[in-house]
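Novice: Each chain, letter by letter, is given below.
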Amino acid sequence: MFPWVYGFSWTPGHVIFVGVFLTVAAAVAVTVFLAVFRSVQDFRRGKARQIAWQSHFHDLPASDRACRHALTGELKGRVCDNGFDCRQCSVHARLTAIETAPPAGRLYHRGHTWVRPAGDGTLLVGLDEIATKLLGSVGQAAAPPAGTVLEANAPAFTVRKKGAEFRILSPVDGVIVESHDGSQGWFARVKPAENYSDVHLLRGHEATAWFQREVDRLQMAACQVNGMPALADGGVLEGDLSEVLPPGVWESLSAEMLLDS
Amino acid sequence: MTRRATPGKAARYGMIIDLDRCNGCGACMIACAVENNVPPPDAKATPRTGLNWVRVFRVETATRPAFVPVMCMQCGDETPCVSVCPQNAVDVDPSTGVVGQIPERCLGCRYCMAACPYQARVFNWRDPQWPAGMEQALNPNVSARQRGTVEKCNFCHGRWHAAVEAAANEGKTGSVSYTPACVEACPAQAIEFGDLNDAAFAAKARAAGAFRLLEPLGTGPKVYYRTGRAEVRGAVSGLIEEAKNGQRS
Amino acid sequence: MVSALDRAWIPRGVVRAPLTRFGLWVGLWLGVFAVGAYAMYLCLADGLFHTNMDNRYVFGLWIFLDLTVIALGAGAFFTGFLLYVLRKKELKAVINSAVVLGLICYSGAMVILAVDVGQPLRAWFTYWYPNAHSMLAEVTFCITCYLLVLCIEYVPILLKNRRLRGIGGYLVFEHELHKLMVVFALIGTLLSFFHQGSLGGLFGVLRGRPFAFREGFAIWPSTFFLFILSAIAAGPSFIALTTWLVEKISRRRLISAEAYDTLARISGKMLMLYVLMKSLDTLFWLNQTAPARGFPAHRFYEFGNFGGWTLFIEIVILGLLPGLALIHAPLRAKRPVLLAAALAACAGVTLNRFVLTIQTMALPTLPFDRLMSYWPSWQEFAAFGAVVAYGVLVYSFSFRYLTLFPQERELTRAELMQRSQEA
Amino acid sequence: MKIARFLSYFSGLAISLAAGWTVLPQALYKEVPQPASFSHAAHTGEKGGMQCTDCHAFRTDGSFAGVPKLETCAGCHAEPVGETASEKRFVEEFVKKEREPQWQIYSRQPDNAWFPHSVHVTRGKLACEGCHGSHGKSAALPAYRVNRITGYSQTVMAGMRMDDCVACHRQRGLSHSCLDCHK
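Residue numbers (numbering that gives the first Met the number 0), protein chains in the order written: chain A, 0 to 260; chain B, 0 to 248; chain C, 0 to 422; chain D, 0 to 182.
Wrong hints could be hidden among the right ones.
Reference excerpt, derived from the structure (chain B facing chain D, CB under 10 Å, subset only) [to be verified]: (1) V89; (2) P93; (3) V97; (4) Q100; (5) R104; (6) P130; (7) G132; (8) A136; (9) V141; (10) S142; (11) G157; (12) E164; (13) A166; (14) A167; (15) T172.
Mimicking DSBU-like on lysine-lysine, the simulated pairs with C-alpha atoms at most 35 Å apart in a straight line are [said to hold, decoys possible]: (16) K178/C <-> K68/D; (17) K46/A <-> K88/C; (18) K87/C <-> K46/A; (19) K88/C <-> K75/A; (20) K136/D <-> K1/D; (21) K161/A <-> K268/C; (22) K182/D <-> K136/D; (23) K171/B <-> K1/D; (24) K8/B <-> K136/D; (25) K46/A <-> K333/C; (26) K75/A <-> K333/C; (27) K29/D <-> K171/B; (28) K75/A <-> K91/C; (29) K268/C <-> K190/A; (30) K161/A <-> K247/C; (31) K171/B <-> K95/D; (32) K1/D <-> K8/B; (33) K68/D <-> K46/A; (34) K182/D <-> K124/D; (35) K124/D <-> K136/D; (36) K160/A <-> K247/C; (37) K29/D <-> K95/D; (38) K87/C <-> K160/A; (39) K87/C <-> K268/C; (40) K75/A <-> K178/C.
Hint data in this document are derived by calculation from the structure and do not stem from the laboratory.
All residues carry an ideal CB built from backbone N, CA and C; glycine is no exception.
With the hints as constraints, model all of the structure from the sequences given.
Specialist: What follows is the structure, given as structure tokens:
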């Protein structure tokens, strides 16, 4: 194969044959090397987390990636391609340009967490009703300790229940200043980051529409289970869902709701 | 680059087998096996797994049967086995015209065997074994082959080596002559061995009644057959018109 | 403990068989594998006399099946080419499965080849002292390179596993590798093109075997191109067929009807093209190539077992008919028709490989020689069984723990919804 | 910090390479002692004045005899001719007892290689040094280290690998197909 190996000759056939092979081998090696190199670069530039989330996000079923403006009916059937991060979304910016009213009450993240200004410059972060129904109360042990840096859309902490594991996504950028067991509805008090923005969070009638859809999904899944309190108005879900739903359905449903595919 | 044969000028060794003389005794097969260190067949060997470098076929014809010894034809043109070998274990020796098969380079893929229209190549399906003491009687001029490699007739190349060495020992130059074992052993003297570059031998090979096996394939075999019987030529040569002639006569 | 671990590795939102049933399934195939591994050991440690191959049948069951699985495994490169290069998005539904199938087919073929050659420890000779004129050298180079490419293509599928994706930079590497997948798709296409062709060329260049020999273009005989065509015609059919089989065994729905339709349509078109070319080639060979070498057509087909019917079945029954069924939209819309046609297409390629290997070996070239038959030994069957078992095991584990069919989750949910509405 | 990491990386690499370079050959080869010590230098050149062919002779039929038998040695060394202890021991151990020394042959070729000395030396007029290097001037026999797998000597004299044979044949325009040298 090489000039120094017995039997090699500089005939066109030999040269083409070996040349093509070495080119292919080199191309494969270079491409793999490039992938490794780029991965290292991503880490250096701190893009690793964003890439990981985008990758997760793209694996979600299309129905789970519905744009907030599709939920409210402003747009038809739009699937989000920004990883639920409306802060960089031009469509969102265009549609909300006229909206000036300051947000009131809770702002919801698509991973079923919420944020509420505590009034003293900090933010309270908690699990919403659906997440609580699915997981029960989180407990102090699971909540992240003070000093933990949170990044929007990145995992904030992990909940284990009935052998299943779910990671809870953080709704905001910031640092936890106080963690709580969730008994009062919130699990962390967060000092927002400097570039804190809440435009990616659902509010007002968006939140209502989204919440309604999520309840519908739960209802749909719950319908097949005997003895499940399925309420026509979709308002209240009774009981601990992990007890009522069959384990497979409960885990799959919880994972989808919490955006943990 | 010019290639010069080691001693003297290049030869093109060939054979002429007289089918009218061959009586199918099989002495050539035995002499070949002894000369070339072919191990005796094991208990389970069949004619299809045996290590025969030369095989004598019995061919039925319209009259009485003919016997056809078939060995490697040392194809001269577009040698089918040489181009297919993936790792150059087969080549044509320009100084003798013999197709060389080097078992030590052989992978045992058997592609060359599939390529050979004469089925002149055999494979070592198992480890070669000799009865106790018989290793002492092996021919030192021929190296024994390993299991998993292909081997075939090379016109008793060990004898050629011996002839070259003997000539050098005597300080002689020029071409050497030697006789393959099968030629020597044939009691009917049906096989003639010679150099096709030699005009007299070449003329004999191309004389009337001579033919080669499967000539239309274009492999240029250097083993010639001759017979005076048209029906034998028809049944053996593989030529369609010959076959028709053979049936008519 | 084990079941918790098992559960943690299964992708979210899909339903898999209980661990015990999966264990039984794996155990069954491990048994098949063990028997075959023993047969392989016999051949490697003792010699190839354990097979029923002989100096006439130098290629037997193994080479025939190797050629077949490599042809069927062509679905991997062709799907990759259609998806990444021609941007046929519908095929995203099967690409992962196709890659795993390709990996299994190629690695399995390599394992069998390693047993089949007499001196496997000398395999590196082909790299060190290659004969550039040999089709087999080209096949060796291309297949090993392509196996490497398939392994690389398998990496992103593996890294997307639910547990592995959480580890360090796995997902980032997966992301970067996936962005470059078009390079591998192109290299894979180039390599596959050449080795599928060279496998055909392997027989087409045998000038000493008029039954296999074909004229061609430059250094490539016509079988070179026919093998490529037939492989890419059967590849999508094989993927449709295996997907259906996995659906039946796992009792899940895995891909949409549209994905089936796309696979069938592509397969049908390529099959029709192949049948046309194959017919032309056969006519030319029977009337021109073979007679010129002293072998009129009737000499090939005057043997009882290998009569002209093989040609008819190969081209018409297993070529033209499934081709017609697959290009006709209303026909292929019927699932049983689609599956039967896909099966016929795969069988047609299998028969083609059988004819070129076994029939070529069976037919005598010397006019005074005769047709010979061959039946593989149990070791040959068992060794191939081991490769099948290996493939089933790799696929089973991949299917259980990796996302081979991205549409499965949505289909599962739709199914659950439907069932709940019916209840 | 960075330097420390580099250092640890390269020292690790160096240790691995060194280990691979030294340990592996040690494991692959085993040393076999020669039956007696022998100095080519003492016999040839100005000191001994002998030619290679005086001991490594061609037989009367023209073939090459290889390493000399005991009788050749005994021709001069029936009694010690010098003062060295090794010679004395050789005479005591082998010559007196008529015990043939089993020399290990550095230049032993594989069974399938055909190398006639007469073709190369008598006819081709090749000098011994062309293939055997300066073996004839060595003061002591080098260690004979045999490959545990192949059974061949590790120290092959200069110019005795297949590549060397082929290169020489090519250079001289001689035939170099497989069968020219393989049997």
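Novice: For a C-alpha distance cap of 35 Å, please report whether K88/C and K75/A respect it.
Specialist: Given pair K88/C, K75/A holds - Cα atoms ~22 Å apart, limit 35 Å.
Novice: Min Cβ distance, P130/B to chain D: is it shorter than 10 Å?
Specialist: violated (20 Å)
Novice: Given the hinted pair K171/B and K1/D, is their alpha-carbon gap at most 35 Å?
Specialist: Violated. K171/B to K1/D sits at ~74 Å, over the 35 Å cutoff.
Novice: Minimum Cβ distance from Q100/B to chain D below 10 Å?
Specialist: Holds. Min distance 8 Å.
Novice: Quick one, are K161/A and K247/C close enough, alpha carbons at most 35 Å?
Specialist: holds (31 Å)
Novice: At a threshold of 10 Å, is the proposed contact between V89/B and chain D supported by beta-carbon distances?
Specialist: holds (8 Å)
Novice: Under the criterion that the straight-line Cα-Cα distance not exceed 35 Å, is the pair K87/C, K268/C satisfied?
Specialist: holds (15 Å)
Novice: Taking 35 Å as the top limit, are the C-alpha atoms of K8/B and K136/D close enough?
Specialist: The hint is violated at about 38 Å.
Novice: Verify the interface restraint on A136/B: the C-beta must sit less than 10 Å from at least one C-beta of chain D.
Specialist: violated (16 Å)
Novice: Need the status of pair K182/D, K136/D: alpha-carbon distance at most 35 Å?
Specialist: holds (33 Å)
Novice: Hey, K29/D versus K171/B, does the alpha-carbon distance stay inside 35 Å?
Specialist: violated (43 Å)
Novice: Mind checking the alpha carbons of K124/D and K136/D for me, to see if they're no more than 35 Å apart?
Specialist: holds (20 Å)
In terms of the numbered hints stated before, the structure departs from hints 6, 7, 8, 16, 20, 21, 23, 24, 25, 27, 29, 31, 32, 33 and 38, listed from lowest to highest.
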